[in-house]
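2 protein chains.
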Amino acid sequence: MVLHLLESFNDKSKFRFVLASKSPRRLEILRGIGLSFEVTPSPFDESILMKDSQSTADPAGLVARLAKGKSSAVVEGLVGKGVEVGVKTVVIGCDTIVVVDGHVMGKPKDEEEAAAFIRKLSGRSHEVMTSICMHILNHDMKIESVKSIVEKTKVFFRPMSEQTILAYVKTGEPMDKAGGYGIQGLAGCFISHIEGDYYNVVGFPLSLFCSALESIDTK
Amino acid sequence: MVLHLLESFNDKSKFRFVLASKSPRRLEILRGIGLSFEVTPSPFDESILMKDSQSTADPAGLVARLAKGKSSAVVEGLVGKGVEVGVKTVVIGCDTIVVVDGHVMGKPKDEEEAAAFIRKLSGRSHEVMTSICMHILNHDMKIESVKSIVEKTKVFFRPMSEQTILAYVKTGEPMDKAGGYGIQGLAGCFISHIEGDYYNVVGFPLSLFCSALESIDTK
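These protein sequence lines map, in sequence, to chains H and L.
Our numbering numbers the first residue of the first sequence as 1 and each following residue consecutively.
Our numbering numbers the first residue of the second sequence as 1 and each following residue consecutively.
If you're looking for bench data, these hints aren't it; they were derived computationally from the structure.
Where hints are given, some of them may not hold.
The list cannot tell twin chains apart, which means a pair is met if one copy fits it or any two copies do.
[To be verified] With a Cα cut of at most 35 Å, we get these calculated DSBU-like pairs of lysine-lysine:
{"hint": "1", "residue 1": "Lys107", "residue 2": "Lys219"}
{"hint": "2", "residue 1": "Lys14", "residue 2": "Lys109"}
{"hint": "3", "residue 1": "Lys120", "residue 2": "Lys142"}
{"hint": "4", "residue 1": "Lys109", "residue 2": "Lys219"}
{"hint": "5", "residue 1": "Lys109", "residue 2": "Lys22"}
{"hint": "6", "residue 1": "Lys170", "residue 2": "Lys81"}
{"hint": "7", "residue 1": "Lys170", "residue 2": "Lys142"}
{"hint": "8", "residue 1": "Lys107", "residue 2": "Lys152"}
{"hint": "9", "residue 1": "Lys107", "residue 2": "Lys154"}
{"hint": "10", "residue 1": "Lys152", "residue 2": "Lys142"}
{"hint": "11", "residue 1": "Lys219", "residue 2": "Lys120"}
{"hint": "12", "residue 1": "Lys12", "residue 2": "Lys81"}
{"hint": "13", "residue 1": "Lys109", "residue 2": "Lys88"}
{"hint": "14", "residue 1": "Lys109", "residue 2": "Lys12"}
{"hint": "15", "residue 1": "Lys152", "residue 2": "Lys120"}
{"hint": "16", "residue 1": "Lys22", "residue 2": "Lys170"}
{"hint": "17", "residue 1": "Lys152", "residue 2": "Lys12"}
{"hint": "18", "residue 1": "Lys154", "residue 2": "Lys14"}
{"hint": "19", "residue 1": "Lys219", "residue 2": "Lys142"}
{"hint": "20", "residue 1": "Lys88", "residue 2": "Lys170"}
{"hint": "21", "residue 1": "Lys154", "residue 2": "Lys22"}
Everything numeric in this text was worked out from a predicted model, so none of it was measured.
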């Protein structure tokens, strides 16, 4: 596990971690394990990839491209901004999508779409996919390696009445979240169970991420 | 769902909720859905039931008895302390156990036992069972009904090295938790996936609890 490696990862003469996301949920999860990192929200415009992909035969490929796009855009901004010799920079890009019958849901654009999302998810299961892309750079900001992971979790919603759907949308919780719900919030009331990693549904597959961290050379 | 019923449940002329637990995690989950409640830690001595039950053929029955014991002890303390006519009091008792091969794990008594627990859970699956017992009382504190639920979630740990187990125990996280780990904390790093309700593993099966709340007459 990553616990015994944290000392190396938090050693500023060896590593510098940059999270290419401003999602408060991702920040909280990553802070929770005690990793030190900077936050640089990615300028990547995901609508380019999401526009034509409301239905896709390869949702895992899509979410991986989105995560890589976010990470790459931050890496581009670092070019020419070298750090001390011996310090590796790890840029972490993430994206989460909700997939139901091959249809991809990002964040709802308004309350109406949020209600339509929840109506579609009610009383059945769907998949949540989160991809993390890590660019590992040397002190000159040259890319040494790129690691990409995709985690999938099945989520089951209890059947919901129209009254509950509208009450939920009215809380405002759905608006900034893929699929229009937050398992870490009120949606916990109507999610009967999941199969997979909980943190993946929140937006950051913690266990798989820790496995990937372990494969980084800390010598 | 419970969302549209919250107005009634939070109406002090109709309901009064009492949580018979001081677990900060349970408080946080219950507060998260917007339910107003008082906290009265239960004087129930669970060691009476837990002592002889390190192995049991009926762990679900055991956890249900523990939850009911906690709730009942708080109900006893309310006898004679009637409230306004028309107000129902709902006392909520909870207990969580970890079950592996019919062996029941409560909270570890020291670091050594915590390490032994984690060693046993490493690289395999186990079950987490939480029971909630609700005593519903009339204004005279006479019991109108008792609802008891048990939720089960399967939890999978990645294989852990001895080094990681000891590093985890050293963080202090295991000490006040059934099975010696907290999925909402650092243990999220080594839990690869779950099958069931996440909140049940934290100690409060939110979705099943909300279903049970819906069956309470709010008229």
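Are there hints from earlier that the structure breaks, and if so, what are their numbers? 1, 2, 3, 4, 6, 7, 13, 14 and 18
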